[in-house]
Amino acid sequence: MSIFQELTDREHVFEFLTQVQSPVDVRHGPILYLEDVNVSFDGFKAINNLNLTIDDGELRCIIGPNGAGKTTMMDIITGKTRPDTGSVWFGSRHNLLTMNEPDIASLGIGRKFQKPTVFEALTVFENLELAMAADKRVFPTLTAIMKPEYRDRIDEVLEMIGLKDLRDRLAGILSHGQKQWLEIGMLLMQKPRLLLVDEPVAGMTEQEMERTAELLTSLAGKQSVVVVEHDMGFVRSIARKVTVLHQGSVLAEGTMDQVSNDPEVIKVYLGEEA
Amino acid sequence: MWLTRPLQERSTQVFLGVLFAALVVVTFLHLFMPQDSALHVSAFTVTLLGKYLCYALLAVAVDLVWGYLGILSLGHGAFFALGGYAMGMYLMRQIGDRGVYGDPVLPDFMVFLNWLELPWFWHGFEMAWFAFIMVLLAPGLLALVFGFLAFRSRVTGVYLSIITQALTFALMLAFFRNEMGFGGNNGLTDFKDILGFNLRTDATRLGLFIATGIALAIGYVICRGIVTSKLGRVSVACRDAEARTRFLGYRVERVQLFVFVVSAMLAGVAGALYVPQVGIINPSEFSPLFSIEIVVWVALGGRATLYGAVIGAILVNYAKTVFTGIMPDAWLFALGGLFVLVTVFLPKGIAGLLQKRRKAKTDNDTPTGQEATA
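Here the protein sequences come in this chain order: A and B.
In terms of my numbering, the first sequence opens at residue 6 and continues consecutively.
In terms of my numbering, the second sequence opens at residue 200 and continues consecutively.
Hints were generated in silico from the structure; no laboratory data involved.
Ideal Cβ placement from N, Cα and C applies to all residues, glycine included.
Heads up, a few of these hints could be off.
Below, a list of computed lysine to aspartate or glutamate pairs in the EDC-like style, where the Cα atoms sit at most 16 Å apart [stated by the list, open to error]:
no., chain 1, residue 1, chain 2, residue 2
1, A, Lys196, A, Asp80
2, A, Lys50, A, Asp80
3, A, Lys120, A, Asp157
4, A, Lys85, B, Glu316
5, A, Lys120, B, Glu441
6, A, Lys196, A, Asp170
Selected chain A positions facing chain B (Cβ under 7 Å, derived; list incomplete) [unchecked claim]:
no., residue
7, Thr103
8, Glu106
9, Leu135
10, Val143
11, Leu147
12, Gly238
13, Arg241
Whenever a hint applies, use it, and build me the whole structure from the sequences.
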């Protein structure tokens, strides 16, 4: 079709009009694809030629010592930090570097922060309500009503995260572990394609850790989950594939056994001089 | 519907019930009690009460942005004054040739300044509908432009408070200038009538008082409708964890802008009803001190409750009337002392005290957003 015909065709829908709404394209396998990403803060290279691929439905653990660039990597994926060079793709259609934080969130990338931030002045139920996938513009939010199917969806998630009995209590009174689960619940309400979970078990008791492990493994398959964690025992209990970050780039990748026997990794973790 | 939802909740019903009962009682005592009776409410008192109700509406507007959105506006007096000026311009044009200089078109101060024709922005204000639209539009537009720039740049907290303070101060200086065309430091005054009713008659004063009461009721229901909607919960979320709300996919700056503009418009309405009752509008309404005083009313009454703002505004202004009558010089000290006492002993204001008592009676969960964090 010539350009003239294309422009005068009344039925023609231009690609730029539909692009934002288009679903994530995972036909080629990976849901997240980072290539040659570099970030430096005042000359300090936080991320150094990072290459990382996450497959659709995968549960991936990312470990690394302090300052390895784990949180910065999360910031790049969610649009909080812009890399100096490199490319970041969500599926094979969405270039995350051209999008802002709310757009990335509505595309289906949910992030759980290191420190649990729930809305303490709202109830557990209301926290989940706000997180629910919905039209989030001002006027639809003003006129939004709580439909029975929304209520069911929230109750379903409450069941999953084990906070059903605390449904109408203020989130401010929850224990640390319960807040972490509520956060994960809030992510689930957004029906994300990709979950970024930053240190989910920090400060948790043994039992809480076990329940968190169950929760995260039950999510994989339906969603892709990326877990950043320090706790090796926890990583061993959930991980199928582990990526080790060091000084802003990938040091090793493989199963937990492969990785923990890697001499490079042992060197970094035992603190020997390289 | 978000606007009718508040009508079904107990607290709003109680508030509206008390407000309408007060309107009816005052009207009754004014009209049917003999002049010499101790229970008679004079026209002067009716107007005074009307003034308190204007302040109450203004306080509700400030509580909406401060209590539920966490935006401490120290410049809400500007929106109040703009609404007042829009109303004042209408009232000026109603004077017609009854002014001191008898010019059929030009208000007195323009004749005095030897102006030959009406400035362009005074046209249209002879029509009531136009002026009433401007009462909403002028503060709303200012809030829209100011809020758009401030919230887009993610200016929040103390910095935003300082900018709002600067905004109202700048407007005060501008309105002091005669060249602005708003009567300079004398402002607009010598009003004759509104919608054809003589402003000096008792009946008009009573009418204005009742109109203010109804405006307060409507404003309260609008605010309550917003804070009990999902948007209200999003506002509380913005207040407590702005970055988190953004990650949930909400456009925080648009939520802030919407609520801020609604609040500014309500403040404008309060100003518009205030002007015919006090009979004058001048740049002192823009003064930063006045805007800070509004915040003190809300803090005293109790933040993030709306009815607390009403209680605070009425109580403080009643105290002001009494104190400035007895010891004019001591008023600011009394206000300061009251503020210190309430902050120390009643951190959640008077409304917090009421809630505590109610909670002690029925140990239920408090409704959304009542736990304002400082």
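How the hints compare with the structure:
1. Lys196/A to Asp80/A: violated, 20 Å
2. Lys50/A to Asp80/A: holds, 15 Å
3. Lys120/A to Asp157/A: Violated, because 28 Å separates the two Cα atoms, which is more than 16 Å.
4. Lys85/A to Glu316/B: Violated, at roughly 56 Å.
5. Lys120/A to Glu441/B: It holds: about 15 Å lies between the C-alpha atoms, which stays within 16 Å.
6. Lys196/A to Asp170/A: violated, 23 Å
7. Thr103: violated, 17 Å
8. Glu106: Result: holds, 5 Å to nearest chain B Cβ.
9. Leu135: This interface hint holds because 6 Å falls under the 7 Å limit.
10. Val143: holds, 5 Å
11. Leu147: For Leu147/A, the interface hint holds, since the closest Cβ of chain B sits about 4 Å away, which is under 7 Å.
12. Gly238: violated, 29 Å
13. Arg241: violated, 29 Å
The structure shown violates the earlier hints numbered 1, 3, 4, 6, 7, 12 and 13.
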